[in-house]
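> What follows is the residue order along each chain.
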Amino acid sequence: MPPATREFELYYTTTLLNQIFERFHPETWSTVDEIPEKLKGLVKEVVPTAVVQIMTGDGELRDEELVRLYKSGYEKCKTMLLERYATKLHDLAPRIIYAKNLCPSMEYPPQFAKDVAQEVSLKLLQKLGSYKFDSKFETWVGSIIENEAKTLGARKQFGRAKAGPRTYISFEDLERELADPVIPIIKMREHREILRKVLQKHRAGSIKDANSTDAILFRYVEELETSEIAKRIGTTDSYVARLFSDDYPKLRQVLTDDFGLTGTEL
Amino acid sequence: MTDSAHPDVVPFAQGDPISPEQRAEITTHLRECGECRDLVLFIRKTNATLRYEGRVSRVAWAMRMSQDALEREIESGTSVADLLKRPPESPVSAHPAPTHPLTPVKK
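Chains as they are written, first to last, in our numbering: chain A, -18 to 247; chain B, 30 to 136.
If you are wondering where the hints come from, they were derived from the structure by calculation, not from laboratory data. None of the values given here were measured: they were computed from a predicted structure. Only true hints are included.
Listed below are the simulated EDC-like cross-link pairs for lysine to aspartate or glutamate, each with C-alpha atoms no more than 20 angstroms apart in a straight line:
1) K52(A) <-> E119(A)
2) K178(A) <-> D97(B)
3) K168(A) <-> E82(B)
4) K168(A) <-> E100(B)
5) K178(A) <-> E82(B)
Computed, partial: chain A to chain B, Cβ under 7 angstroms:
6) I150
7) L155
8) I167
9) Y201
10) V202
11) Y229
12) G244
13) T245
Where a beta carbon is used, it is the ideal one built from N, C-alpha and C, also for glycine.
My request is simple: use the sequences and hints to build the entire structure.
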C-alpha cells in the first residue's frame, strides 16, 4: 500500500474514531443487551456528521478531500478539482487582484486577471501535491493568485521597460540565415527555459492550443510526419497545417508579452 | 499572422512546400515587415531547438545517460563515438567552463 494511502486511511479512521469516542459512554448503558442498539445509534449519529465534514452543501466532495484522495492515488480527483477551479479561478482571480490592487496601471484589468488565472491553473496542475492542509484549499489558491499576480505584473512591467523600441533582424541577415543549411538552436539555457514556459502557457489555453502544442512537439521533438501527427491528435493533415499557421504567431506573442523577448533576441 | 496585412509565413519558415507565387509574395512582404521577419526567425529557432532537444533526449536514453550529462558532453566537445567507446560505469566529464557568461547578455 503506498504511504499516501496509509496516511489517507489513518486520517479518516482517526476522524471517525474520535467522533465515536466523543459519544461513547458505556458506563451509562444499563444492560449488555443494549450494546448492539447503542452501537447502531452511534453509527447513525457519527456517519452523517462525518459526511457533512467532507461534503459541501451541494453534495460535492470538499476541495481538501479531493486533494487528500488525489494524494492517496486517485488521479481522477486532480482532474475534478482542476475542472472545478477552471471556472472558480475566473471569479477568484479578479476579486483578489481588485481587492489587493495588483493590476499594473498600463494593463487592462480583465485581461490581466485572465492571464493570472491561466498562470494559476498551470501552477495548480504542477504543485497540487504540495498543498499541506494547513489552511483551506481556497485560501491556499488565493495566496497563489496573489503571488502570480505580483510576478506577472513585475514581469510585464520589466518586459515592457526592457523591450523599449523593438529592433528586428534585417531582411539581409534573415536571407543569410535562410540560406544557411545549419539552423541555429537557442543557445542560452535561460532562453530555452523561457521557450518551455511559452509552450506550457500556450498548452494551458484551450483544447486547440493543447493540440497545436502537441502537433509542434510531435513534428519537431519526435520528428513525426504530418499524417502521423494528424492520426495521433485525431484530425486531418490540413487541420494540422492550420494549427501551425494559427499558433506560431500566438507563441511569439506570449514570448513578447510575458518575457519581453523577440525571435531576434532569442 | 494570417490577416490581410500579413501573409501566412509559417509554411515558409517551416520549410514546407509552397508555390513560387506564395514564396515571392512572402519575400516581398518580409522586406517591409519586421514583425514577420521576427516571426520567421522565431519559428526556425524554436523548431531547430526542439528537434535538437528531441535528438539529445533519444541519444541520452539509448546511452543510459541523463539529458543534462549528455548536453555537458556535447558542450565540452565529446563525440558520440568517444561516448560509445567509454564503459558505461565511467563518469561523464566534469562540467566544462561556461561557454557563455552566467548573466544573460543580449545578442
